Amino acid sequence: MNLNEHVCIITGGGSGIGRGAAIRLAQDGATIVIAGRTITKLDAVAAEIETAGGTAATYTLDVADYPAVQKMADDVLEKFGRIDVLINNAGHSSLHRRLLNTTPEEVRSVIDSNLIGTFFCTQAVVPAMLKAKSGTIINISSLAAVTPGPFSGFPYGAAKAAVINFTEFLNTDLRNTGIRASVIIPGEVVTPILDNRPVPPDTEARKMMVDVDETSAAIHLIASLPQRSNIPELVIRPTMHRSTEGELVQFNEP
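Counting from 1 along the sequence shown, just add 151 to a position and that's the residue number in our numbering.
Calculated directly from the structure, the hints in this document are not laboratory data.
Hints should not be assumed to be uniformly reliable.
[As the list claims (entries may be wrong)] Pair by pair, the computed Cβ-Cβ distance ranges are:
hint, residue 1, residue 2, range
1, E199, V350, 28 to 34 Å
2, R188, R357, 21 to 27 Å
3, M391, S285, 35 to 41 Å
4, R259, V386, 39 to 45 Å
5, D226, G204, 22 to 28 Å
Since we're looking at a predicted model, the values are computed, not measured.
Each residue gets a CB set at the ideal place from its N, CA and C atoms; glycine is no exception.
Using the sequences and the accompanying hints, generate a full structural model.
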């Protein structure tokens with residue numbers, strides 16, 4: 152099934168996994184709506200899609216801003232008449248990641264972007280999906296959810312674990328409505344978020360990680376399945392396990 156006439160909202164669509172998904176789904180005919188905080192990044196992705204003959208719209212917002220998210224959903228429905236796919240991808244980790252050095256502001260910011268934003272964006276689109284009796288919600292989690300540690304930080308791991316739980320909740324709460332929810336659980340992926348780690352991985356380490364092209368292919372697979380089928384959970388991780396001892400030493404100070 153291709154995505155012609157489908158309208159797909161992607162949060163955190165200005166870079167990394169969100170950008171890759173936007174371009175991949177647009178190539179399959181989807182109308183792409185990308186939301187994020189940095190207008191220059193969003194505009195660049197939209198221009199890339201439109202140059203290739205696709206259709207894209209951008210919204211600058213914080214996904215944890217409930218009124219702004221509701222306004223975006225209303226505007227998308229007014230412009231395009233439908234919302235078929237939501238990809239909850241927005242999120243970040245904190246600079247500090249140990250229990251005793253992570254600040255309250257960092258904790259709130261990580262939870263807001265990864266979890267609260269996922270809640271709010273889903274609440275915003277589900278009424279239209281219920282009316283259409285069809286819809287796909289794809290939540291982006293992380294292996295940090297199931298293998299917590301200092302690389303990802305405790306707020307990020309906890310938030311991403313909650314995203315997995317929320318996805319299962321959606322499939323129960325929305326059972327037999329025509330709406331399906333999936334969660335993708337990637338391992339280390341080569342995205343700009345790696346540069347925000349206390350010790351950014353070097354070039355050789357990044358060569359062993361999952362590439363955005365692979366995560367984009369996984370997102371496309373889920374979004375383009377016939378509506379009768381669902382992949383509730385998909386894990387994608389590097390085949391080769393790199394040594395992290397050198398980086399881990401740097402995390403020992405609380």
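Evaluated hints:
1. E199 <-> V350: 28 to 34 Å: holds, 31 Å
2. R188 <-> R357: 21 to 27 Å: holds, 24 Å
3. M391 <-> S285: 35 to 41 Å: Given range 35 to 41 Å: holds, Cβ gap about 39 Å.
4. R259 <-> V386: 39 to 45 Å: With a Cβ separation near 28 Å, R259 and V386 fall outside 39 to 45 Å, so the hint is violated.
5. D226 <-> G204: 22 to 28 Å: For D226 and G204 the Cβ distance comes to about 23 Å; the hint holds.
The structure does not agree with numbered hint 4 stated previously, though it agrees with all others.
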